[in-house]
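Peer 1: Keeping the supplied structure of chain A fixed, place chain B upon it in accordance with the hints.
Here's the letter readout for the chains.
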Amino acid sequence: MIPARFDYVRPGSVAEACQALASDEDAKVLAGGQSLLPLLRLRLAYPSTLVDVGRLPELKGVHDRGDHVFIGAMTTHDEVVRSPVVRDGCPLVALAAATVADRAIRHRGTFGGSLAHADPAGDLPAVVLALDGVLVARSEEGERDIPAADFFVDYLESSLAPGEILAGVKLPKLGAGWGFHYEKFHRTAQAWAIVGVAVALKRSNGAIAEARIGLTNMGPTPVRARAAEAALRGVELGDQVRQACEGAAEGTSPPSDLHAQPDYRRHLAQVLTHRAVRAASGSP
Amino acid sequence: MPRITVTVDGIAYEEDVEPRLLLVHLLREKLGKTGTPVGCDTSNCGACTVMLDGASVKSCSVLAVQADGCDVVTIEGLGVNGSMHPMQRAFHEEHALQCGYCTPGMVMAAIDLLRDDPEPSEEAIRQGLEGNLCRCTGYCNIVKAVRRGAQEMGRTVSAP
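Quick note, the sequences are listed as chains A and B, same order. At position 112 of the first sequence the residue is numbered 940 (the working numbering), and the sequence of numbers has no breaks. At position 107 of the second sequence the residue is numbered 289 (the working numbering), and the sequence of numbers has no breaks.
I should point out that these hints are in silico values taken from the structure, not numbers from a laboratory. Given the structure is predicted, the values throughout are model-derived calculations rather than measurements. Any given hint could be a false lead.
To be verified - Using C-beta positions, here's what the derived DEER-type ranges look like:
| hint | chain 1 | residue 1 | chain 2 | residue 2 | range |
| --- | --- | --- | --- | --- | --- |
| 1 | A | 1110 | B | 306 | 20 to 30 Å |
| 2 | A | 889 | B | 266 | 33 to 43 Å |
| 3 | A | 975 | B | 317 | 44 to 54 Å |
| 4 | A | 886 | B | 309 | 30 to 40 Å |
| 5 | A | 1032 | B | 274 | 52 to 62 Å |
| 6 | A | 987 | B | 196 | 35 to 45 Å |
| 7 | B | 322 | A | 1095 | 31 to 41 Å |
Unchecked claim - Per the computed footprint, the stretches of chain A lying under chain B, defined by three or more beta-carbons under 8 Å from a beta-carbon of chain B, are:
| hint | region |
| --- | --- |
| 8 | 829-843 |
| 9 | 856-866 |
| 10 | 873-883 |
| 11 | 927-941 |
Idealized CB from N, CA, C, for every residue including glycine.
Bound conformation, chain A alone:
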């Protein structure tokens, strides 16, 4: 379908963009448009104005900042995947971003856009949550840091205030001894994850010292698999890992849709967590 009418502005700076958003509560940010345009075409969204921030240089690029990597919100998935800074500093992000949709969509879709969209079926929210990333929001009042745990509020809802835009994300670099994996189960190559599991795992002397696990599409927001994280602590790599992953779906409220019922998603969360933990630990 053809989208409903809207106005379009392309501000020259983040400050101008914030101004445009603050002056019109029905205005919406346009990043790469890969989530928003399908919504507009289905007429599920009726913004008055699209504020196109996709080209703002101050929102683009990947920066190595010592103890963390900063990814500008308008950096495309393709740029994230290709970035040596991301590959070295945050391999989990590169692994997961490479699985987002397909090549053409990764050329347009942005890292910040898919986080601000806050779709729990998106791959990157669970990754940023697992890594305890910090989202940097900017408004006319200035800048504030939002921990990932406080950013995802509900289905397609973030804690960005009206007039605020996501400028970028700080992702802590995890040092030596960490392994990573993103495991996703989807119906067709480019479909949304039915369930996805992001794992960062620290090994020490043949055992798991620490596991951080983010779950995709296991509730209205991305969630941490806290029970499995606790159960995995101290577990030796081997047969006990499977048992420790059995609590992966604990405390989640997975959705029911045409792809899967909640009980199936809970089952998937266990199985995929086990696979992801094994892969992240370097086990075959």
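Peer 2: Relative to the frame of chain A, chain B by itself:
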């Protein structure tokens, strides 16, 4: 209405466009570039794939205003002096199409894939074309065509 300038298949255009106009509709309805079809309207099928500043995009998922100042290449811009691009010829020779609806997007996506991987394996081709659907299920011949096209293009590039 915003005025945009856009180069399509080597020709510069200046157009007044409604903000809601999709790139694919600009191409087809304003510029007459009907070689790029609209397939699914849900960003799934990839039939409308074109190059935007050298990288593949689904033109149903880009607003015309977002292409302002950009360079677009469609399936119609591939051939030189009436002869087919090596990838087009490979699709023709390997019979990589039945109804042909997905073909323009397949060809564009295949050429895009070769930017990263000039000699893709079968698996790399299947993965690289995951965003393009063929409902005649002609994938076997499409894969063959992409391999042949890649070889032909390699030959063209490495020829003295």
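Peer 1: Just pull the numbers of the violated hints for me, sorted ascending.
Peer 2: Hints that this structure does not satisfy do not exist here, as all of them hold.
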